[in-house]
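There are 2 protein chains.
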Amino acid sequence: MSFQIISKKGLARRADLTTRKGVIKTPCFMPIATKGNVKALSNEDLIALNPEIILSNTYHLMLRPGQAELEKYGGLHQFMHWQKSILTDSGGFQVFSLAKIRKINEDGVTFNSHINGKEYFMSPEDSMDIQLSIGSDIIMVLDECVELPAKREYLEKSIELTTAWAKRCRNHLNTKTEHLDANKPKLFGIVQGGTERDLREKSAEQLKAIGFEGYAIGGLAVGESEEDMLSTVEFTTNLLPEDKPRYLMGVGYPHQIVEAVKRGVDMFDCVIPTREARHGRLYIMENEEHIMDRRDFYSAINVTGEKFKFDLSPINAKSKFPELRNLSKAYLRHLFVVEDPQALRLATLNNLEFYLGMMESIRTELEKVTNN
Amino acid sequence: MSFQIISKKGLARRADLTTRKGVIKTPCFMPIATKGNVKALSNEDLIALNPEIILSNTYHLMLRPGQAELEKYGGLHQFMHWQKSILTDSGGFQVFSLAKIRKINEDGVTFNSHINGKEYFMSPEDSMDIQLSIGSDIIMVLDECVELPAKREYLEKSIELTTAWAKRCRNHLNTKTEHLDANKPKLFGIVQGGTERDLREKSAEQLKAIGFEGYAIGGLAVGESEEDMLSTVEFTTNLLPEDKPRYLMGVGYPHQIVEAVKRGVDMFDCVIPTREARHGRLYIMENEEHIMDRRDFYSAINVTGEKFKFDLSPINAKSKFPELRNLSKAYLRHLFVVEDPQALRLATLNNLEFYLGMMESIRTELEKVTNN
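Read top to bottom, the protein sequences are chains B and P. Note that the working numbering numbers the first sequence so that position 116 is 116, with each residue one more than the last. Note that the working numbering numbers the second sequence so that position 260 is 260, with each residue one more than the last.
This is chain B alone, in the form it adopts within the complex (with noise of 0.2 Å):
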């Protein structure tokens, strides 16, 4: 099996996932590569927080170092020495975040590098085949990411085109990959349909018509209210195959986590803890027993504040890493104040472990929950 359910709470899952690189315990956090490494980390940083997976980009790896040279590396797994499964995004997200689109049709989209300027085509199948370049173990399909609040019209259309090029990933991948076997990457489709049932149920249905190893919830998080967010988080997973993993996409603070575990999601990843690190803002456990039941489980800091200038106590006196035991949030303030590169280390070192440790907790519960 290669997604295992072993035990259940409400519409949480405690689950495996096994990939070709091994098993992902669920409900699992993806930190994010964006360009090939977890912003400011070492790779044996990146080796102790020992997540089961990371997510990387493929829109940052096509333009650098790109398609070809990843080739040329023997993937990604090989370039930035990492053992254990990626998961890639399909690029379209920041194509239509970043880059300068210059036109979308039903055959894919042109757009320039927000790095130089040059033009790029990606059709669905060249979304595929970078991906199999990246060497990733979890495929995300093309779709189009709409910004919310959008008009109806515009996200059934969107709808329509993210089926049609969600089955032209499928065919397209499994002749790619036809001669793998048992080693196959898997692909995952994604569930659009803005904050709308009706359409997410068009979306969901069509896309389990097509088939998929894992379904995504996409376009959420993108400006709509947090109660709308997990309102459409609970009815899209009630949509969505019991044994398959679900993977909410871009999603989010802890809180917003642990609800959405709550409504049966089973895979998360978010910029929040990495990029919210590098300006200072550190996630600290408050109280690890009762991450299930209490918002208040965790609190944040900004350690770039005037009053953690004489906060001699450790970044984290319960870290499994040295430093954060043995330097002070003064210090680590005293970093960023002068700008030293090894602030953004030690506070993404902070965030991540917080949020892998969270996502232990709660598989910890939900194990719990069996053997009652």
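Keep in mind that the hints were calculated from the coordinates and are not lab data. Incorrect hints may appear among the rest.
Put simply, identical chains are the same to the list, so a pair is met inside one copy or across any two.
Claimed, not checked - With a Cα cut of at most 30 Å, we get these calculated DSS-like pairs of lysine-lysine: (1) K118 / K309; (2) K21 / K320; (3) K307 / K318; (4) K309 / K21; (5) K320 / K84; (6) K262 / K8; (7) K100 / K25; (8) K309 / K100; (9) K151 / K9; (10) K320 / K167; (11) K318 / K84; (12) K118 / K320.
Given the coordinates of chain B, work out where chain P should sit on it, guided by the hints.
Only chain P this time, still in chain B's reference frame:
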């Protein structure tokens, strides 16, 4: 004995320098932790690199975090979590090179911070007090740093001032550390005099008359030719006591360090390995067996160059750091291209491992002499 010579080869000495933090095997290189950290390195990196002494900059520390702050932190060792020796410069060099100087007179120097323009005054006594607040194990006297070329009369006057200040530093530190018994920090004098033999002689004689635990050669590597620098080193070490450590400030390239060791220098610091690392310049050991007798024992590459795009060889196959063995030059180049701060760490680690390894090879070679 706080400075014990183990063996000699020509003018070169292999010695043990003992501070209140432990033994420093010389000849040694002191990595620069300008603002209380070796920029971009982690605390664990520094501990693993294992220098027996590092250098930190009084000017930078007095501005940020500040003297009063450092006292509240219990000194720099505790703040940055570093147990071994720390040498601090007097602040003078940066005052003269970075700050906007308002006024220099016999009392001291009035200057404006290069960060926010705030006015500071530093007397020789102030420099001692700040270095005591930092908690340094080797304290440098405040001297005037004259840019070369300089008029002879200016150099002469400058030596008078430097000697007067050195005397005040010695007296003030003696008073302030009277109670510390065996636990006193050391104080080093700084010989000035440009490339003029008689001025260096005058400066050395005056400083020896005051009496210091070590003698630095200052005012070199500030624009003069390598030949002038090395000949000045040679005649200056001959002016210094045999039984005290000699420290050549701010030098230099690997072969310059070797040449200065051959001319009787024991201690070095330099920004080259760390600063150049941050621009992608990597030092590579080519011939560890012949460091003392051939200049081509090392090479340097600019890893950001196009020619390293497909260089999948390790950053350093012989490194003790797994990442320098496991990651390729092409990957390090990629990290530089996408501006990941981790690039700065890996390059810095490579260069400091090179410099410290070079010093170890030099010491081994000098130790062999006695055994023959």
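**Item:** K309 and K21: within-copy, between-copy, both or neither at 30 Å Cα
**Value:** Classified as between: cross-chain Cα gap 27 Å, same-chain 44 Å, threshold 30 Å.
**Message:** If the cut is 30 Å between Cα atoms, do K100 and K25 qualify within a copy, between copies, both or neither?
**Reply:** neither (38 Å within a copy, 59 Å between copies)
**Prompt:** How would you classify K307 and K318 at a CA-CA limit of 30 Å: within, between, both, or neither?
**Reply:** within (22 Å within a copy, 45 Å between copies)
**Asked** Can you tell me if K318 and K84 fall within 30 Å by alpha carbon in one copy, between copies, both or neither?
**Response** both (26 Å within a copy, 26 Å between copies)
**Request:** Using 30 Å as the alpha carbon limit, work out where K320 and K167 are close: within a copy, between copies, both or neither.
**Result:** Cα proximity of K320 and K167: none, with 45 Å in one copy and 50 Å across.
**Message:** At most 30 Å between alpha carbons: which applies to K118 and K320, within, between, both or neither?
**Reply:** neither (44 Å within a copy, 41 Å between copies)
**Prompt:** For K309 vs K100, is the C-alpha pair at or below 30 Å within one copy, between two copies, both, or neither?
**Reply:** Between copies only: 27 Å across chains, 42 Å inside a chain, cut-off 30 Å.
**Prompt:** Is the C-alpha distance from K118 to K309 at most 30 Å within one copy, between copies, in both cases, or in neither?
**Reply:** between (46 Å within a copy, 20 Å between copies)
**Prompt:** Using 30 Å as the alpha-carbon threshold, which applies to K21 and K320: within, between, both, or neither?
**Reply:** Cα proximity of K21 and K320: in one copy and across copies (25 Å, 28 Å).
**Within, between, both or neither: K262, K8 at alpha-carbon 30 Å** = within (10 Å within a copy, 73 Å between copies)
**Message:** At most 30 Å between CA atoms: does that hold for K151 and K9 within a copy, between copies, both, or neither?
**Reply:** neither (37 Å within a copy, 84 Å between copies)
**Item:** 30 Å Cα threshold - placement of K84 relative to K320
**Value:** Answer is both: 21 Å inside a copy and 24 Å across each meet the 30 Å cutoff.
Violation of the numbered hints given earlier is confined to hints 7, 9, 10 and 12; the remaining hints are satisfied by the structure.
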